[in-house]
Amino acid sequence: MSAEYTCLVVEDSPMMRQLLVFALSRVKNLRVTEADDGVDGLRKLAAGRFDIILTDINMPIMDGLKLVKRVRSDPMHKDTPVIIITTEGAAEDRKRAIELGANAYITKPIQAPQVIAKVKELLKIVP
Amino acid sequence: MADRKTGGGQQPDAKGEASGDIKTDASAKIERDSFVHTFFKKGAEFTDELLRENDRLRKRLFDLESENAALRTHLASDEAIRELLRKIEYLEREKEQLLSHVREAERNSSHLFTRYSEVEEELSNLAHLYVASYQLHSTLHLREVLRHLKELLTQLVGSRAHAFYLKDGSDLVPISSDGIELSRLPRLAIHAGSRKEEDRGSRDRTGDLIERVFMTGVAHIEEGELSTAPRDQPAACVPMRIDDAVVGVIVIYSLLDQKEQFLPVDYALFKMLGAHAATALMGALLFANSNGKFPGLEAIDAITRNVGDDLK
Numbered sequence: 001m002s003a004e005y006t007c008l009v010v011e012d013s014p015m016m017r018q019l020l021v022f023a024l025s026r027v028k029n030l031r032v033t034e035a036d037d038g039v040d041g042l043r044k045l046a047a048g049r050f051d052i053i054l055t056d057i058n059m060p061i062m063d064g065l066k067l068v069k070r071v072r073s074d075p076m077h078k079d080t081p082v083i084i085i086t087t088e089g090a091a092e093d094r095k096r097a098i099e100l101g102a103n104a105y106i107t108k109p110i111q112a113p114q115v116i117a118k119v120k121e122l123l124k125i126v127p
Numbered sequence: 001m002a003d004r005k006t007g008g009g010q011q012p013d014a015k016g017e018a019s020g021d022i023k024t025d026a027s028a029k030i031e032r033d034s035f036v037h038t039f040f041k042k043g044a045e046f047t048d049e050l051l052r053e054n055d056r057l058r059k060r061l062f063d064l065e066s067e068n069a070a071l072r073t074h075l076a077s078d079e080a081i082r083e084l085l086r087k088i089e090y091l092e093r094e095k096e097q098l099l100s101h102v103r104e105a106e107r108n109s110s111h112l113f114t115r116y117s118e119v120e121e122e123l124s125n126l127a128h129l130y131v132a133s134y135q136l137h138s139t140l141h142l143r144e145v146l147r148h149l150k151e152l153l154t155q156l157v158g159s160r161a162h163a164f165y166l167k168d169g170s171d172l173v174p175i176s177s178d179g180i181e182l183s184r185l186p187r188l189a190i191h192a193g194s195r196k197e198e199d200r201g202s203r204d205r206t207g208d209l210i211e212r213v214f215m216t217g218v219a220h221i222e223e224g225e226l227s228t229a230p231r232d233q234p235a236a237c238v239p240m241r242i243d244d245a246v247v248g249v250i251v252i253y254s255l256l257d258q259k260e261q262f263l264p265v266d267y268a269l270f271k272m273l274g275a276h277a278a279t280a281l282m283g284a285l286l287f288a289n290s291n292g293k294f295p296g297l298e299a300i301d302a303i304t305r306n307v308g309d310d311l312k
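Line order of the protein sequences matches chains R and F.
Quick note on full-length UniProt numbering: the first sequence kicks off at 1 and runs consecutively.
Quick note on full-length UniProt numbering: the second sequence kicks off at 1 and runs consecutively.
Bound conformation, chain R alone (with noise of 0.2 Å):
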């Protein structure tokens, strides 16, 4: 299969990631790649492009939301799509998510169906 789109998933857990890589590869044409906390995600980052990059918010050592401030900082990826996984669904952590670049955030438990749907309106993937 020749993938057509990239896709980084940093998530520190990996029953998360497993779940995640399941849900991703129900989209056609993905190739997904995973790193294990933020400071992975930037490695990964700065080897090759993505076009959508997935990341928890809760990790040791970097938080996913200074990973989306460095994505962003980044010249390859600055306009690269953020999709924000996280524990709170309250309204204020989406705000800050937003603001800080992100663009999308998924509260767990996470449903396969919705990460799909999220993933391909922001690739714009017609279904």
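Be a bit skeptical, because a hint or two may be false.
Claimed, not checked - Pulled from the structure, derived: some chain F residues nowhere near chain R, Cβ distances all over 10 Å:
no.	residue
1	F40
2	E79
3	T228
4	A268
Unchecked claim - Computed footprint of chain R on chain F, listed as stretches where at least three residues anywhere in the stretch have a Cβ under 8 Å from a Cβ of chain R:
no.	region
5	115-127
6	130-138
7	151-158
I should point out that these hints are in silico values taken from the structure, not numbers from a laboratory.
No residue lacks a Cβ here, since even glycine has one placed at the ideal position from N, Cα and C.
Given chain R's structure and the hints, the job is docking chain F onto it.
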């Protein structure tokens, strides 16, 4: 002129006869002239009349031809209209058929879309279960098993506070918790229904519920809107089994705000946890007791021999 003087071309003789003849001749001539004149006049009139009649007839003929042409045109036009009406009727029928096909296609499409959504949801649920069981049995280290159990409840179910109770003698002992301090959780004595009414006040409804779930082996899961569920008792209480024996209870005290209600996948996860959490915990405990040593082939041989003896 000479004729005129003599009264015409014939000279009257002296006699009256001659004069009479002349007279007669003249009269006859006059009459003849008059007749001829009248005749010609009538002829001219008749000719005029004929010409007028001819004109009238020509005009009439022209009118009739025009009328005929108009009628022919009209007839052709009527035929064209009839043909058009027939065509409209045919097109209307065709339109109805096409609309019917479109409606049927829409119904099929809607049905397929619904089915597709159901299959997607089913796949998502299966993925949840697969990931949960894969992670749960991916390690024999107790710390890791507990971490996976905690993650499973937090990430997949949406738990904010939960605890795991295991049976120890006649008590249920909290062995791990998240979102609630372990030291705040009491040991629960299992009274097997013999507890006196006056003792009941010393324990809250949560304790009663945990005990009941342990005793009966029947899970308690709040159905419907979780926001309207009673605050003084857990949202879910799931017995943990090894074979048919209940060995502990998973207690979910509260859930994330955005978790509005338990979904079918949560029920499936609870069922899976009820059957696998205890075996994962027991496996990890046994592994810890063996100081992290994997049993050798001799252990398998011994067990097989014993099983073989039992079968004899």
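Hints and how they fare:
With a least CB separation of 102 Å from chain R, F40 of chain F remains clear of the 10 Å interface cut-off, as annotated. Every CB of chain R lies more than 10 Å from the CB of E79 of chain F, the least distance being 51 Å, so the non-interface label holds. Annotated as non-interface, T228 of chain F keeps its C-beta farther than 10 Å from every C-beta of chain R; the closest such distance is 18 Å. Interface exclusion of A268 of chain F from chain R stands, the closest Cβ pair being 13 Å apart, more than 10 Å.
Coverage of the region 115-127 of chain F by chain R holds. Counting CB-CB distances below 8 Å, 6 residues qualify, and the rule asks for three or more. Against chain R, the region 130-138 of chain F contributes 5 residues with a C-beta closer than 8 Å to a partner C-beta. That satisfies the three-residue criterion, and the hint holds. Closer than 8 Å: that is the beta-carbon criterion, and the region 151-158 of chain F has 7 residues meeting it against chain R, so the requirement of 3 holds.
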